[in-house]
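Undergrad: Chains as they are written, first to last, in the working numbering: chain S, 1 to 440; chain R, 1001 to 1287; chain V, 2001 to 2351.
This list has only true hints and no planted wrong ones.
List of simulated lysine to aspartate or glutamate pairs, EDC-like, C-alpha gap at most 20 Å:
id, chain 1, residue 1, chain 2, residue 2
1, S, K140, V, D2157
2, S, K223, S, D435
3, S, K142, V, D2157
Source of the hints: derived by calculation from the structure; they are not laboratory data.
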Amino acid sequence: MKHSNTRIVRQVDWFRSLMLFMGMIALLTACGGGAPTSGGGLNTGSNGSSANEIKIGVLATFTGAFAVDGQDALRGVKMAVAEFGGKIGNKKIVLVTESSDATPAVARDAARKLIEQDNVDILVGPLSGDEGLAVRDYAKTKPNKVFLNGSSGAQDTTLRNPAPNFYRFSTDGTQWMAGLGDYVYQTQGYKRVAVLAEDYSFPYSQVGGFMTEFCRDGGHVVKKFWVPIGTTDYSSVVSSMPTNIDAIYVALGGSDSINFLKQYVQFGGKAKIIGGTVTVDQTVLSTKGTLYQHVLGVASSGPIADNNPDPAWQKFVQQYKSMFPDGFPSPSLFAHAYYVNAKAALLGLQKVNGDLSNGEAKLKQVLSTLQFDTPTGPVRLDHNRNAIANIFVTVVDKKPDGTLYNKLVKVVTNVNQTLGIPEDQYLKMGPFSRDNPSCP
Amino acid sequence: MREFIVTTLNGLTLGGLYFLVAAGFTLVFGLMRIVNLAHGSLYLSGAYLGWSIGNATGNWLLAVIGAALCVAAAGLLLQQGLLRRIQGQDLREALVTIGVSIVVADLLLAFYGGQNYEIAAPDIISGGTYLGIAGLTYPTIRLLTLGIALLVGIALWFLLRHTRLGMIIRAGIDDRAMVSAAGINVQLVFAIVFALGALLAGLAGVIGATNLSVQPGDDSLYLLYSLTVVIIGGMGSVGGAAIGALLVGLVQQYGLAYIPTYSVLITFAMMILVLAIRPQGIAGRRA
Amino acid sequence: MMPARMLRLALPIIIALFLLAFPLFASVFFVVQIGIQSLFLGIVALSLVFLAGYGGMVSLAQVALYGAAGYVLAILTITYNQPWYVGVVAGLAGSTLLAVIFALISVRTQGIYFLMITLAEAMFVFYYADQDRIFTNGHTGINGVTPPAVGPLVLADPTTFYYMVLIVAVLTYLGMRYLVRTPFGLALQGIRDNPQRMQSLGFNVPAHRIAAFTLAGFIAGIGGVLGVWYNGAISPGSIDLTRTINVLVIAVLGGLSYFEGAFVGAVFFTLITNFASSFTDRFNTVIGLAFLLVALFFPDGLIGLSRRIIQLTSRTTSGRGKGMAPPAPSSPVSASGDSAPTASGAGAEGK
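Chain S extracted, bound-state conformation:
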C-alpha cells in the first residue's frame, strides 16, 4: 500500500543516516580514550599522566563576556608555573585548559571533562562564585583528585558543606570587604550610607562583609537597592536615592557599575561612592572612555592593591608585565587568585616530590598545613581549607601618565572567613541575604 511503501522508504533512509552517525560515534569513541584533550592552545595530546609529567587542569571562563578575566587568570597560572621552571623534580608540568561560561552546569561539565577525559591530576578553578559551588560538589565525587580554587568567592563553598579535597588559598568575597567598613566610617567619616547591588549571592556576601563592620561601628544603612542582574538603566534608582546620605556603597560588577556611575554623574549625583571589590577593579579601571574623572577617590577593598609598596608585590607586577606585555597595566585579582592557588599546588607537589599515588594522599596532607608567602603577604588555611590572608583597603588615584589605579591606604592582616568573629557566632548570624544584615 502507498502508506506502507513510504514508511519503508523512510525506515531505510533513517537506517542509513543512523549508521552514518553511529559510525562517527564509534570512531570518536574509539579515539575517546586518547582524544585531543585541551583547549586554548596549551596542549598535551596524550592521555593519562605519563610517568614524567604532571597535568594541571585550568578551569576559567575563556569564552563569552568574561573571557578577559579568564585570560588573566591563565596568566596567573603561567606565572606560577614559570617560577618552578615548568617542572617538579624531573616531571614536566603540563597545563590543560577548559572553558566555562559562568553558569554552574557548564562549569561542572568542564571540570568533568578535565578530570575524566583529559585525566588531569590537579584542577585549578573555577573563576566565579556560583561555579565554585558546582565544582565543590563535583570534587566530592572525586575524592582521589586534588581541587584548588581559582578565584571563585562564594563563602559557602568552604564555610558550609566543604569538600575535603577542595582547597581555597585565595580569599572569598566577604573576606575581601575586611577593613572597608571601618575605614569609611572612621577615616572618611561616612555615617549614613545607601547600598546598591545586584540581586544574587556574590553581592550579598560583599554587602554582608561591608555591613558587618560598618554597622558594628555605628553606621546606618538607610536604604538598599537590589537590582536584577543585567539592569542597564539605573536612572530611576539614581533618582530615588535618598538625599540625606553621605555615600552609596555600590557592589555592581563590571559593566553595570560603569552604567551606574555614568548615569549618576549625568543626574548630578552628590553623594560619594564606596566600591565593592569588582566595582573598581582593574578590569573596570582600564575601560576605554572618559569615566575616570568620576571614580577618583572611591574607597574599596579586596585581595590586591595596585601600588602596594611591598617588594614582593612589586616583583610580581614586574614579572607580570615582562611575561605579558599585552596584559593589563597591573595584574587583576583573577590573575592573583589563580597565581596563589596554582603556586600552592606546585609547592605542595614539590614537597611530596611529585608523588600522586594513593589518591594523592600525601599532597592532600601537605596542602592542608601549607603556609607560604605570596606577593600579598603570608597565606595559610583554616580548618575548612579556606585561606587566611591579608586584605587591602584602597582608594582610587591617578598616576602621572593618566592611568587609574587603586592606591593602598590600609593593610588588614590575618583575615579569616568569619572576619574575626568566633565561628559559631558567625554561623548563627545566618547566611547573608537581602535583609541580613540590617542596620537602618
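Given the coordinates of chain S, work out where chains R and V should sit on it, guided by the hints.
TA: Same frame as chain S, now just chains R and V:
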C-alpha cells in the same frame, strides 16, 4: 513628586531609545513579513562601529552617521545575500536570522573582546539641562535621545504619509501581491525598507552606547526589547511602535523605581497579555 | 531485495546493540557527558520536533518547561526534603500544568507569532527563576540534587543512570512514533497542514493544539527531571536564552520533522560543544554556521540530508519513492520551490 517626575522622564527617554530600535524591526516585519532576529546584532554592530569610528576620528556626529550607514549596508547585504533566496518562508527566514545572529555575536566578541565600551558624548551634551519643572536638572543626553526619536518618528511619518515610496510601503503592508501586480518593483522596495530598518538599528546602537554602554549580550537584550515593543504596539505599525516603546519604557522605569525585584517580569507579562488578548497589538492589523 | 529486507529487520537490533553496549567500550566521560547528555537533551528536542514537525507549532518554550519540572523536583527534594518520587511526580505535573497555561495563552496564534509568544513565556520563566528568593533561590539555583537509589539500582552510578536514561529515551521515542499514527496524531498533522479545513470537518482545532502542547510539555518535563539529576543542580543558567536556542539548534540540525533528528542533532551538538573548543575558540561561530547552512540549504537537517544522498545514489529505494506522496511529517522549514536535482522528482521532497 520630584521622584515621580524624574521617573516619568526616565521612562519617556528610555522609550525614545526603544522606539529607535523597534521602528526598523516593525517596518521590516510589516512589509516583508520577516522577523529579523538578527536585529539585535545590527544594534550591537552599530554600537561597536560607532565606538571605533568615534575613537578614530574623535567626532561623535561622524560616529553616529558612519555607524548607521555601515550597518545599513550590512543589513542590505544580509537581505540581498541570504534572505532574498528564501523569500516568503517565514519560519526559515527566522531561523536564518538566528544563525546569523549567533555568528555575528561571536565574531564581534572575537574582535572587540568582552569588556565594556562606552562612547563619550561631546561636551555640550554631557551634563545636565536645567528644566523649569520642580527645579531639577536632567541629563542632556537623555533629552537628546528623546529628541532624536521624535525627529525620526516624524521623518518616518512623513515618509509613509507624504511620499510615493511611503505609499507603496503602506500598500505593501496591506497587500503585497496587489502591489506587485500593479507593476511596482517590489524587490527594490524591500531592499530599501530593510536597509532603512538596519540604519535605524545601527543609529540606535550608537545612541544606546552613548547613553549607557555596550557589552556582549546587548544584542539579545535589545532584540527582546524590540520584540516586546513591536508586539505590544502592533507589527508593521510605526505609530504602534511608538506607543509600545513608550509603554515599555515607562513600565520598566516605574517598575525599577517602585518594585525593582520583579520589574523585569512585568514587561514580559505585558507582552504575553497582549499576545493572548489582541495578538495584532494595539495598533496593528491582522495579517 | 532480500538483503534490503534483512537489513531493515536487523536495523533496530544493530542500533539497540550499539546503545546497550556503549558503556562497555566507551570511557565513563563519553557515557556521561556525551551519552547521557545527548539522550536527555534529545528528549527535550523530541518534544520540539513533535510540536514543530507534526503539529506545525515551533515552540521556544520547551526549555522553560524542562526547567519547570527540574525546579519543582529540586525544590521539593532539597528545600522541603520530600522523597524523590514525590519530586518526580510533582515535577512532571508542574511542567504539564505550565504547558497547559502556556497553551491556553498561545493557542490562537500561529507561525511566527506563536514562536514569539513562546519566547516571551520562556523569558518570563527564566527571569522569574533568576529573581525569585522564595522558591528558586535566584541566580545561584539549587544544588545537591542527587539521583536516588531505587531498590537495588543506585542511579547515581553513571552506568546505571545511562541505562535508565536510555530506556526512558527509547520509550519516549517509541511512544511518539506510535502517537503520530493514532487518530489524534493524524488529526494533528491535518491541522498542521490546513487548520481551516479541519475546523470545517468538525475537528476542534484549539483543543487539539492544547493537547499537543501539553503532551510536549510533559515530555520536556521528563527531560527536565533527567537533566536535574545529571547536573546535580538547577539554576537559571540552565534555562536562559542560550539554552533555549540550543534546543532549537539541535532539532533543526537533526531535522525538524524527524523524531530521530532530535537525538541525532543532540549527539552532534554535544560532540561539537565538547570537542570543538580543542580546535578553536570560535566554536559558537562553527555552530552558528552549521545552523545557517542547514536552514539555508538542508532544511530537513542531517536526516533529510542523508535522505537526499540516498535518493541520489540508490536505485532500489528511489524506484519505490518516485512519484510517491510526501511522507507524513513535512518539515516546516523546507520550501516548496526548493530546487532539488534528484531523479526522483520534487514529489519525494518534504512539502
